Amino acid sequence: MMNRFGDIDVSFKRLPPVYGYHAEKIVSLEKALQPIEAHINELPRFIKVAKDYCHFPSEHGLSRDQSAAVYIYTMEWGETTLYRVLNQTLRDENRQALRIWFPYLKLFDTALDLLPTVKEVVWRGVPVDIGKSFTKNQIVTWWSVNSCSSAVNIIKNFLGNENNSTLFLIEAVNGKKISGYTEYASEDEIILRMGSRFLVKSDVLKQLNGSYLVHLMELGGNNDQPDSDSNPDPPSDTSIPSVLDLTSIKI
182 MMNRFGDIDV SFKRLPPVYG YHAEKIVSLE KALQPIEAHI NELPRFIKVA
232 KDYCHFPSEH GLSRDQSAAV YIYTMEWGET TLYRVLNQTL RDENRQALRI
282 WFPYLKLFDT ALDLLPTVKE VVWRGVPVDI GKSFTKNQIV TWWSVNSCSS
332 AVNIIKNFLG NENNSTLFLI EAVNGKKISG YTEYASEDEI ILRMGSRFLV
382 KSDVLKQLNG SYLVHLMELG GNNDQPDSDS NPDPPSDTSI PSVLDLTSIK
432 I
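In my numbering, the protein residues as written are 182 to 432.
These are calculated hints, taken from the structure and not from any lab test. Treat the hints loosely; a few may be bogus.
As the list claims (entries may be wrong) - Below are the DSSO-like pairs computed for lysine-lysine, each with C-alpha atoms no more than 30 Å apart in a straight line: (1) Lys337 to Lys300; (2) Lys382 to Lys337; (3) Lys382 to Lys194.
None of these values were measured; they are calculated from a predicted model.
Based on the provided sequences and hints, a complete structural model is requested.
Printed below as a string of structure tokens:
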């Protein structure tokens, strides 16, 4: 079953960055998602759930609508779950298709601005052997919103006993800590924003069961900048301890 932590683009598309939503005015969640109602079944009902159950008042200064924008992103209700539809559109080569999402992206992005930034190791995983597609020193852009967990066991639980899966260990430098604002508080969720770029830091480790471990380092800077084929210098101080004997990590 698909989940946020495994909603990963495997196509390595080169796409233009997402511009334009920054200029939107902040509006209510209902108004922000009004253009999306035709694409998501029963969306008004899920908006009401998000506004009723979101974390508010917020010690980080989020409005109820900003908090609900984060909460509804983490909700699961089927094939038209909001994060699935949004991330599919973020990966679409037709960037004009994103325009109806601009009011929501503004609300969601300004909510993330107010939440704590973390520099730590985070994890994602997918029950597919896409690890073989990554090579050392490759630069990868993930155009979607990227849900990660600071707890590797959360990701392993989603993967189950899947052989031929891929686990991503990511040295995050611009992660946004949304735990406390999600539908599932125990998942220790960290968001890496859309357009985040990563350096494949080492050779991919293939394990005996056919699974892969991919070690990525998030590249700092403006996430709205275009991708580059050059290998930029890594961040000078990520405050992340050197992890890693990768061979000690089992999927």
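Quiz item: Taking each numbered hint in turn, which are not upheld by the structure, reported in ascending numerical order?
Solution: none
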